[in-house]
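> Here the protein sequences come in this chain order: W and G.
Residues in the first sequence are numbered from 1 upward in steps of one, following full-length UniProt numbering.
Residues in the second sequence are numbered from 1 upward in steps of one, following full-length UniProt numbering.
Since the hints were derived computationally from the structure, they do not count as laboratory data.
We treat Cβ as the ideally placed atom computed from N, Cα and C, and that holds for glycine.
It cannot be assumed that every hint is accurate.
Which residues of chain W face chain G? A few of them, derived with a C-beta cut under 8 Å, are [as the list claims (entries may be wrong)]:
(1) Leu-10
(2) Leu-79
(3) Gly-82
(4) Asp-113
(5) Lys-114
(6) Leu-116
(7) Asp-117
(8) Leu-127
(9) Lys-130
Not close to chain G: a few residues of chain W, all C-beta gaps over 12 Å, as computed [stated by the list, open to error]:
(10) Lys-6
(11) Tyr-13
(12) Ala-36
(13) Asn-59
(14) Lys-101
(15) Lys-110
(16) Val-115
(17) Ser-123
(18) Glu-126
Listed below are the residues making up each chain.
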Amino acid sequence: MRITAKKFALSLYESAAGKPASQVKLIVKKFVELLAKKNKLALEARIIMEFEKIWNEENGLLEAEITSASDLDKTMIKLLQGYIAQLSDAKKVIIEERIDKNILGGVIIKYGDKVLDGSLKNSLEELKSKMIK
Amino acid sequence: MSTKDFIVEQLKEQIAGYKSSLKEQTVGRVIEVGDGIARVEGISDAMMSEMLEFASGQAADKTYGVALNLEEDRVGVIILGDSAKIKEGDEVRCLKKILEVPVGEAVIGRVLNPLGQPLDGRGEIAAEKFYPVEKIAPGVISRQSVKEPVQTGIKVIDAIIPIGRGQRELIIGDRQIGKSAIAIDTIINQKGQNMKCFYVAIGQKESKVAGLVAKLEQSGAMDYTTVVLAGASAPASLLYIAPYAGCAMAEYFLDQGEDVLIVYDDLSKHAVAYREISLLLRRPPGREAYPGDVFYLHSRLLERACKLNPEHGGGSITALPIIETQAGDISAYIPTNVISITDGQIYLTPDLFYQGNRPAVDAGLSVSRVGSSAQIKAMKKVAGKMKLEAAQFRELAAFAQFGADLDKDTKAKLERGKRLQEIFKQGQYAPVAVANQVLIFFALTSGLADDVPVEKISEFEAGLHKYAAASAEKILKEIAEKKDLNEKLESEMKKLVEDYKETAEYLVR
Numbered sequence: 001m002r003i004t005a006k007k008f009a010l011s012l013y014e015s016a017a018g019k020p021a022s023q024v025k026l027i028v029k030k031f032v033e034l035l036a037k038k039n040k041l042a043l044e045a046r047i048i049m050e051f052e053k054i055w056n057e058e059n060g061l062l063e064a065e066i067t068s069a070s071d072l073d074k075t076m077i078k079l080l081q082g083y084i085a086q087l088s089d090a091k092k093v094i095i096e097e098r099i100d101k102n103i104l105g106g107v108i109i110k111y112g113d114k115v116l117d118g119s120l121k122n123s124l125e126e127l128k129s130k131m132i133k
Numbered sequence: 001m002s003t004k005d006f007i008v009e010q011l012k013e014q015i016a017g018y019k020s021s022l023k024e025q026t027v028g029r030v031i032e033v034g035d036g037i038a039r040v041e042g043i044s045d046a047m048m049s050e051m052l053e054f055a056s057g058q059a060a061d062k063t064y065g066v067a068l069n070l071e072e073d074r075v076g077v078i079i080l081g082d083s084a085k086i087k088e089g090d091e092v093r094c095l096k097k098i099l100e101v102p103v104g105e106a107v108i109g110r111v112l113n114p115l116g117q118p119l120d121g122r123g124e125i126a127a128e129k130f131y132p133v134e135k136i137a138p139g140v141i142s143r144q145s146v147k148e149p150v151q152t153g154i155k156v157i158d159a160i161i162p163i164g165r166g167q168r169e170l171i172i173g174d175r176q177i178g179k180s181a182i183a184i185d186t187i188i189n190q191k192g193q194n195m196k197c198f199y200v201a202i203g204q205k206e207s208k209v210a211g212l213v214a215k216l217e218q219s220g221a222m223d224y225t226t227v228v229l230a231g232a233s234a235p236a237s238l239l240y241i242a243p244y245a246g247c248a249m250a251e252y253f254l255d256q257g258e259d260v261l262i263v264y265d266d267l268s269k270h271a272v273a274y275r276e277i278s279l280l281l282r283r284p285p286g287r288e289a290y291p292g293d294v295f296y297l298h299s300r301l302l303e304r305a306c307k308l309n310p311e312h313g314g315g316s317i318t319a320l321p322i323i324e325t326q327a328g329d330i331s332a333y334i335p336t337n338v339i340s341i342t343d344g345q346i347y348l349t350p351d352l353f354y355q356g357n358r359p360a361v362d363a364g365l366s367v368s369r370v371g372s373s374a375q376i377k378a379m380k381k382v383a384g385k386m387k388l389e390a391a392q393f394r395e396l397a398a399f400a401q402f403g404a405d406l407d408k409d410t411k412a413k414l415e416r417g418k419r420l421q422e423i424f425k426q427g428q429y430a431p432v433a434v435a436n437q438v439l440i441f442f443a444l445t446s447g448l449a450d451d452v453p454v455e456k457i458s459e460f461e462a463g464l465h466k467y468a469a470a471s472a473e474k475i476l477k478e479i480a481e482k483k484d485l486n487e488k489l490e491s492e493m494k495k496l497v498e499d500y501k502e503t504a505e506y507l508v509r
């Protein structure tokens, strides 16, 4: 059977999670040797991606992206962090900020495969389609 | 108040009433697209057959898709429409609803594509209601047995393989021997019979469908007919959903307690389209490379044909699926499947067709499992033994070819059979009313046509109908209204036929 990157990442997580740093070093070394033996070193990038995903999920971490028209202040970000954590049941939310003048105002929140579009541009478009009806 | 103020006032009101709501949406990303199929990553909560929206191009013309394969970390989607606009990396949104089509009176008389968009250039469909294309068929509790007839206007079918309202009758045969013609004649004959008709063309040539629509319009049948067209150039995804979309539109009228006739022309091409989609989605192929669920594909569609009991509105959907066989092979995969699903089949043979017996219905292989309960009493009386007679005649005719010395009884059977075969011949677009059918079958079974030469039978029949229309309209009307025969009516009919025979100069006396 073909072993996917996801399965490699999962086995790495299971063997390394909760171990001290010295042991982890050994485990990673052995893991790389296994990859070399199985001729799967090319999967490296995808294994790292999958590993990060699994790590975040197991530890209640969530990466979110917030797009706004202008810079957000600290309290606002704190507030949004709490809001996202409440929505997604995550323990900790890591926020990546982006500025996009095109959305006019408000914010767009993206996390996982969910999108919350609270931008002024979107509201205006919704109003427009509603009035055409 | 001036118009300007009125508009401003309205605008203020509308904006005040508008509440922006924050909705959580699930989005994914296209990772592969081609052959009318897209593979989408993300959208982890997509549901089976859910509608998806591809956010490419302008907001005005969005492309839609339907989720068909839910895998561990990706979703296989069929694209409804132009897949050329979709690029790798495009955003895909879940719409949280199953594919819907517009239904209602507004679709009657129109030519639509399977998404309910008009193809006849007569503007948008002003429908208020939408029905999902996939629906679970009505259960046992809401059904009743089939008992009212669908008058096809085709003598051989109405006499020996009657179709009832709510029945599913398969029309099967090789290419080019008049399968669609039977369905079209049936639709034309539904005028004034309180029936809505749907013609679903799956993978048909658009020129053929255009000619057909013109014919329906000419005969006034478009007043109660809708054509759902997924032409030969349409993508496989549209061919696949076309019959379900047609059935959803029919179900609206079923819910109103009306009777509906729906023709699926043809389900072989539908199965081929589904095979294409399945293979592209990498589902394992089975017999003849069809996927494992090809039986369910047709059974769930045809099961939606039904006759509801009065407590549930009493409406009905009669389905006439069409299957094209290859060189008369009815034991191929799809024909056997559909034969086993339907309540009988009308089998057309090339031999009969080229001998000039048109419609080329094979009396031996064609059956209607509903039987005589789908006939009016008058027809039952005159045509009761006709199926047996027609089948016996073919057997005897094969014997008679050896020039055997035949006894009187056999000879009489042969002569009767020849006349019966002549009467069963019927031109296209020329349906015969049920009362006229009763009259001509009565003339045959009571022996009144025995002295008419076989080659004169068609002339005799045409003349009889003309004579009856001119001088005995009352009798025809009585048959049509009472739907039964009594001794008085029978003697009147006998007198009518005898009177007519007096006037026919080709009869030697």
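> Hey, does Glu-126/W actually stay past 12 Å from chain G on C-beta?
For Glu-126/W, whose nearest Cβ neighbour in chain G is about 7 Å away, the distance does not exceed 12 Å, so it is violated.
> Would you assess whether Val-115/W, listed as outside the interface, keeps its beta-carbon beyond 12 Å of every beta-carbon in chain G?
Check fails; 5 Å does not lie beyond 12 Å.
> Identify whether the interface hint at Leu-127/W stands, where standing means a beta carbon of chain G within less than 8 Å of its own.
5 Å, holds
> Using the nearest Cβ pair, does Asp-117/W come within less than 8 Å of chain G?
Check passed: Cβ of Asp-117/W comes within 7 Å of chain G, closer than 8 Å.
> Verify that the Cβ of Ser-123/W lies farther than 12 Å from every Cβ atom of chain G, and report whether the claim holds or is violated.
4 Å, violated
> Is the interface hint for Leu-79/W satisfied, with its Cβ closer than 8 Å to some Cβ of chain G?
14 Å, violated
> Given a cut of 8 Å on the nearest C-beta pair, is the interface hint for Lys-114/W held or broken against chain G?
6 Å, holds
> Does Gly-82/W pass the interface hint, meaning its C-beta sits closer than 8 Å to a C-beta of chain G?
16 Å, violated
> Closest CB-CB distance from Ala-36/W to chain G, is it above 12 Å?
26 Å, holds
> Quick check on the hint: Leu-10/W CB to chain G CB, less than 8 Å?
Leu-10/W check fails; min Cβ-Cβ to chain G is 12 Å, beyond 8 Å.
> At a threshold of 8 Å, is the proposed contact between Asp-113/W and chain G supported by beta-carbon distances?
Given a least distance of 4 Å, the restraint on Asp-113/W holds.
> At 12 Å, judged by beta carbons, does Lys-6/W keep clear of chain G as stated?
Nearest chain G Cβ is 8 Å from Lys-6/W, so the label is violated.
Hint violations for this structure: numbers 1, 2, 3, 10, 15, 16, 17, 18, all remaining hints satisfied.
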